[in-house]
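Novice: What follows is each chain in one-letter form.
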Amino acid sequence: MKLFAQHGYGPGDKILNGIQEGSISGVILSARYQKKEKLNSDIENIINISNNAEILMDPEIYACICANMPDSQLGQLVDWDFFRPHRRAQLEDTSNIDGVLGATFTTMAGFPLTSIIAPNIFIPRSFNSIEAVIAKNFIRRTMPVFAQTGDTRHVFATLAIGHHALLDRDEFGAFLNDITALDNPPDGFYVLIGGGMADERTDITRSEIMHADVIAGWMLLNFTLKMNGFKVINGCSDILTPLLGGVGGYAGATGWWTNLRMFSMNKYIRTASGGRQPVVRYLSNIILNRIKFSEREAIAALIPEINNGLAHDSDYESGEPERRVEVLQTWESIKNLNEHLIGSNVEESIRRLENAIKRADATYTRLSGFGLPLDIETNREYITSLREGLKTFKQIAEI
Amino acid sequence: MQNIPALESLQHKLSNIQNLEFIKGGGFKAVYKGFVGGKTEAIKLIYIPSDIENEGLRDEIIGRTLREIDSIKACDCDYIVRLGSLSPELITLNGNEYIVYSEEFLDGVDLRERIIQGHTPDIKTLQCLAFTLFEAISFFKKNDLIHRDIKPDNVIALQCAERPFVILDLGIAFKLHGTALTRLSEFRPGTLPYMAPEMFNARFRETLDYRSDLYSAGVTLYEYASGKHPITRRRDDEYTTMYRIINSAPIPLASHRPDLPIEFCKVIDQLIKKLPALRPSSIEMLLKKIKEQP
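Each protein sequence line maps, in turn, to chains A and B. For reference, each letter of the first sequence is one residue, going 1038 to 1436 in my numbering. For reference, each letter of the second sequence is one residue, going 55 to 348 in my numbering.
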């Protein structure tokens, strides 16, 4: 499975370094943070390091629904020709959908992206909703409209879904039935699973996404779409990347800020939050989770396996590393997990994932034996969600 | 068949057909063998009840017969039975009405008979059967049709290398975007053990697609390969069968036939998944996978 950088605010040289190191094989650029006039040179810089790098750009049309809000924060999005505020009612008309698709493809045709991500809207709560009908029409129309441009690159339809929608299995199943039997389907899907606008606190959004049924549903999406011949690129999949790859996902992505590790519509709305930046963390493969750099030091003295034994470990040896290093360590760590946990077939991958979760659970037991307190993001319930998610996936995927 | 006419009187009525011979009958239909237009054909006789007996039934049976004929005409290929030389005609015999028409006569045995005989097909035979079923479903799909009754009884094995199997009986074919012919909404046309799980959804007419036929094809292939139905058990009543179709996971085909290529068995297992999205939707991809088997 491939791992891509999820582009966002302040990329600096992180993406170039990740590609140089070989921990990521591409990038999903954000139209919100990508300046139009810099896109060609930014792509060229990546290609100069690796001409195999996959470079895509998320047009983030799903944010159009926030454009009319007084507290929206859309960054560069408003400067792109294809981006315009749309009300839901406008998009109920398929001719408007063709217009949005056409404008996006026309703009993207002018840039040397390796594949194209088609626009779509966000399905906030249910697959039995007006938004889901509009989203299906976007998917249905993606290939017919794209074909008119004569572009021969692969096109990925966007599926941006609120985690609540995955909980209603009947409606989710019906949606899957529809999108897997299209007459003229796209080459693949760009999947984002996240929170809606009401989920303001990132720890709440995280706990909602790290729910067994949500994990199982996200895995089912990858499994079903792959089985039907589609490539699936998962945006903001972060630590769930190996689980999605194990059941057929083509690529996962993560970035350097919390909002690049999990998707939330809330990021398009200005919130009152602010303050200091979060503490730099270390992604430990054995616990399938992040710990603060200071925790790593304490735990490693008692449980040395908490260290991954990979190149970026050395950056953490002398106290808090530079922030730009954190994401390089994340990419290195997830790439390593992908290599070890994704087998040659789904059954083999599931066996490996189950073992990895058992190992993580056992490590948590050892940690609690030492009485080491861990912060909220490192809590153990997360492991239970992974284990239950895997179990539920096997059941709903009829494995 | 209800109100089956005496062979002599039918022969007398159908004077253009020679050597009429009864083959089988059931429901409202009887099939004969007869010599017409210089060759042997399968003569199909459909009893049309009067409205007095059952309001609307007459219209349904006429509608279904005409749809079956139209469907066969639309799907003209080697994988599906073809029409014969007799165009549909309404006849009256002893005060009863019938529709009569002909299909090509297929000189072979159906797969049910082979299963009963304990025949164990080899991989080449199974590949041919899979190929026929998928190609036929592809033809149905192109014509917005769902066969809805693919089962071993409706597949004839012929002693012909170019045409080893043929699918019969489009009598309950469902026309997508067509007018509903079934009068009772709770009635589910088809043969219970071969019905796809989604057929038991109250909204099935809204969501049904060709993957229901792929499911029935998977069950047929599984049963023919192993001699065992993947879901149902003998002596199960209807409700137990229905429960099993919706909830029970079949034993992988490879457990019954370890001699078959594992990838072939996996394709068949995948076709009989409960959720249609979990069945491979690309018939082109399925055909490619079947051809790739050693």
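No wet-lab data here; the hints were simulated from the structure. Hints may be right or wrong, so weigh each one.
Here are the computed lysine to aspartate or glutamate pairs in the EDC-like style, where the Cα-Cα straight-line distance is at most 16 Å [said to hold, decoys possible]:
hint : chain 1 : residue 1 : chain 2 : residue 2
1    : B       : K196      : A       : D1220
2    : A       : K1173     : A       : E1129
3    : B       : K328      : A       : D1215
4    : B       : K320      : A       : E1384
5    : B       : K328      : A       : D1207
6    : B       : K328      : A       : E1435
7    : B       : K320      : A       : E1354
8    : A       : K1329     : A       : E1354
9    : B       : K320      : A       : E1385
10   : A       : K1073     : A       : D1116
11   : B       : K343      : B       : E317
12   : B       : K196      : B       : D263
13   : B       : K328      : A       : E1208
Residues of chain A placed beyond 12 Å of chain B at every Cβ, according to the derived structure [to be verified]:
hint : residue
14   : N1077
15   : N1085
16   : A1126
17   : I1216
18   : E1245
19   : T1261
20   : N1265
21   : W1294
22   : L1347
23   : N1382
24   : R1388
25   : R1417
26   : I1433
27   : A1434
Glycine is no exception: its CB is placed at the ideal position from the N, C-alpha and C atoms.
Novice: Now tell me if each hint is right for this structure.
Specialist: How the hints compare with the structure:
1. K196(B) x D1220(A): Given pair K196(B), D1220(A) holds - Cα atoms ~11 Å apart, limit 16 Å.
2. K1173(A) x E1129(A): This hinted pair holds, its Cα atoms lying about 11 Å apart.
3. K328(B) x D1215(A): At roughly 15 Å apart (the allowed maximum being 16 Å), D1215(A) and K328(B) satisfy the hint.
4. K320(B) x E1384(A): Holds, at about 12 Å.
5. K328(B) x D1207(A): Within the cut-off at roughly 12 Å; holds.
6. K328(B) x E1435(A): Distance of about 8 Å is within 16 Å: holds.
7. K320(B) x E1354(A): 49 Å, violated
8. K1329(A) x E1354(A): 13 Å, holds
9. K320(B) x E1385(A): 15 Å, holds
10. K1073(A) x D1116(A): 8 Å, holds
11. K343(B) x E317(B): 8 Å, holds
12. K196(B) x D263(B): 12 Å, holds
13. K328(B) x E1208(A): Since the Cα atoms of K328(B) and E1208(A) sit roughly 15 Å apart, the hinted pair holds (cutoff 16 Å).
14. N1077: For N1077(A), whose nearest Cβ neighbour in chain B is about 37 Å away, the distance exceeds 12 Å, so it holds.
15. N1085: 38 Å, holds
16. A1126: Nearest chain B Cβ is 25 Å from A1126(A), so the label holds.
17. I1216: 8 Å, violated
18. E1245: Given a closest Cβ separation of 24 Å, the condition holds.
19. T1261: 5 Å, violated
20. N1265: With a cut-off of 12 Å, N1265(A) comes too close to chain B, as the shortest Cβ separation is near 5 Å.
21. W1294: 34 Å, holds
22. L1347: 36 Å, holds
23. N1382: Incorrect as stated: the minimum Cβ-Cβ distance to chain B is 9 Å, not above 12 Å.
24. R1388: It holds; R1388(A) is separated from chain B by about 16 Å at its closest Cβ, greater than 12 Å.
25. R1417: 32 Å, holds
26. I1433: 8 Å, violated
27. A1434: At about 7 Å from chain B, A1434(A) fails to clear the 12 Å cut-off, so the statement is violated.
Violation of the numbered hints given earlier is confined to hints 7, 17, 19, 20, 23, 26, 27; the remaining hints are satisfied by the structure.
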